[in-house]
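Peer 1: In case you want the letters, here they are:
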Amino acid sequence: MGDAANNKATGRAAQRGATGQTSAGQTSTGQTSTGQTAAGRVARLGMLLGSALALYAVESALPSPFPFLRIGLANIATLIALITLGFTDALAITLLRVIVASLVVGTFLGPGFGLAMAGGVAGVVGMGLAARFAFPPLSVVGVSVVGAVLHNLAQLGVLSGFYTGPGPALRLLPVALLVSAATGLATGLIALFALEKLGLIRR
Amino acid sequence: MAGDRTLLTFADRLVLYVLVGAALVLFVTGGGQGYGVTVRITGDGGFEYLAPLDSDTIVEVEGPLGTTVVGVVDGEARVLSSPCPHELCVKMGAVRTPGRAVVCVPNRVVVTVVGDGPTPTDAVTR
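Top to bottom, those sequences are chains A and B.
Here this note's numbering is used: position 72 in the first sequence is 72, and no number is missing along the way.
Here this note's numbering is used: position 110 in the second sequence is 110, and no number is missing along the way.
Bound-form chain B, shown alone (with noise of 0.2 Å):
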């Protein structure tokens, strides 16, 4: 029975075929990469920044402490400095999902990641 040819009609074969084709074709291709996730930085009296998460950028937000620095980078965004005494927006670290935030309290400096759709669930149990 192995090796037998005619246990795949040419249909199946060609059923076969074309998805791997297609899936070649979608990996080839990026299947959707780059879907339109932006970041929002907001501070202090209604500043309002949207930046794109896939392209780097750093943005200075003034707050009543100072200067809170933002930097979108390989495709996270971070608070990069900020005059706040704890530090704890910095030590927040990165974020790339959406839904996901960085806020600094103190500066009122908020970075959130906004994507389209449903944001994702934390986790999920069986």
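For reference, chain A alone in the conformation it holds in the complex (with noise of 0.2 Å):
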């Protein structure tokens, strides 16, 4: 009996795993259900621009012990972005984030914007390539977390090369490679809640 009704519970879950991958693997392919239109398109990029803005604006706010200790929430918006709109337009949402976010707080071309800037690209070329060559087998989720490893290990490098050298670089890398995990973990987590939510995606 109670066997029964295990077996049960490990095939459905089964069988629900093996439709989330297929959902995976159509979007993958850059099938979208909405945005087809032009005018739908830049709305859609509106609207998540303006979300990356609000998110780093709110994470701004959030109290951090170092400065480049950072969730990354305008990533949830660069990977919402890659998944239904694509590459060039996730890319467009960064560079434009970064651009626009710095002006307002006054950081433009400062030392902290060539950093922002090479973690955005790299966090999102590093996302591009694997949604491109490895969605099928990760998920949603693991692209943030590829996206949150090199958006951390860009800023270690242009850290090492302009201001500190390679000794304290090194020396954060452990650090920022688990935050990175973490940190990935959970904004692809909330990026995923909220395209099943949107109905972008089904799992």
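It should be emphasised that the hints constitute simulated quantities derived from the structure, not laboratory data.
Hints are not guaranteed to be accurate.
Claimed, not checked - If you anchor each label on the Cβ, the simulated ranges turn out as follows: (1) P65/A with R96/B: 19 to 25 Å; (2) S60/A with A101/B: 36 to 42 Å; (3) F162/A with G75/B: 23 to 29 Å; (4) S60/A with E48/B: 44 to 50 Å; (5) A57/A with V28/B: 52 to 58 Å; (6) L65/B with I99/A: 55 to 61 Å; (7) A101/B with G161/A: 38 to 44 Å; (8) K91/B with A92/A: 53 to 59 Å; (9) L96/A with G99/B: 36 to 42 Å; (10) T97/B with V104/A: 43 to 49 Å; (11) T97/B with S60/A: 25 to 31 Å.
Since the model is a prediction, treat every value here as computed from it, not as a measurement.
Here a beta-carbon is modelled for each residue, glycine too, at the ideal position from N, C-alpha and C.
Assembly of the complex is requested from the two constituent chains, each provided in isolation within its own frame, with the hints serving as guidance.
Peer 2: What follows is the structure, given as structure tokens:
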């Protein structure tokens, strides 16, 4: 009796996993349920850019023990753009977010700007590659983790190349890897839930 | 949805495990400790002495006023004693970051921390 119930439960879970795989596979080929028209795409781009900036503002208000330790909430918008609209639009949103945010805060072309730009571009390129070549095995969450890792690695690279030298950057490397695993997981899950709620992805 | 095993795919978990594993390995191996920071001690008449910052040494430098004693202890360099009148070099304390220096002008002794790569910035404003 108990065994039968168990079998039933695991069977259902496996089935759900399988359908999750196929729906992920479909979205990776660039099909989107909405935003097919140019106007729809522009509207969605604008909304995602607005969301990215709002998330960035929320994150700036959160206290952080170190300036480099950030959750990367804006990554959620980038990830949604990447999954629903494609790499070019995700890159556009990242570039615009970094530029507009730095203009508002007043760090445009400052030292933090280079770090933000390098991290943002590396993150979106990493997620783009992951989504293009490894999306069926990886889920949205895995793509997010890849992006978070590359974001932090790029920032450490810029840090070591221009500001601190390789020593301190190397010492930060294990911390950065752990942090990016955690933040990539968190933002990836949020993006996954958001995509489901919006009806853009089925599991 | 909580505790749903299908939330993360196998590949997702693999990526996370590899990351945490790499981080742990880097933690254990020290991830770049002792990256060649040296102390350059110069004195009167072209005296120059290079000492690694991570091993303890005491260096005596002869100057116009007498002997200045420079110590590298616990990864820091400082002037331990000096024959100069104000002993400002002693009061400057210890230096450990590349680009920092302790100077004794009267006895012509300069202690500089030298590292590879660019010297770190003092401060960055947002």
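Peer 1: Taking the hints in turn, state whether each one holds.
Peer 2: We went through each hint and held it up to the structure:
Taking the beta carbon of each, P65/A and R96/B are about 23 Å apart, inside 19 to 25 Å as hinted. In this structure the supplied range 36 to 42 Å holds for S60/A paired with A101/B, their Cβ-Cβ distance being about 37 Å. Taking 23 to 29 Å as the suggested C-beta distance range, the pair F162/A and G75/B conforms, at roughly 25 Å. Checked against the hint of 44 to 50 Å, the pair S60/A and E48/B passes, with Cβ atoms roughly 49 Å apart.
In this structure the supplied range 52 to 58 Å is violated for A57/A paired with V28/B, their Cβ-Cβ distance being about 39 Å. Distance hint for L65/B and I99/A: a CB-CB separation of about 58 Å, consistent with the stated range 55 to 61 Å. A C-beta distance of roughly 24 Å is found between A101/B and G161/A, which places it outside the suggested range of 38 to 44 Å. Between K91/B and A92/A the beta carbons are some 57 Å apart, a value that agrees with the proposed interval 53 to 59 Å.
The hinted window of 36 to 42 Å between L96/A and G99/B holds, with their beta carbons roughly 37 Å apart. The hint said 43 to 49 Å for the Cβ distance between T97/B and V104/A, and at roughly 34 Å that hint is violated. In this structure, T97/B and S60/A meet the distance hint of 25 to 31 Å, their C-beta atoms being roughly 29 Å apart.
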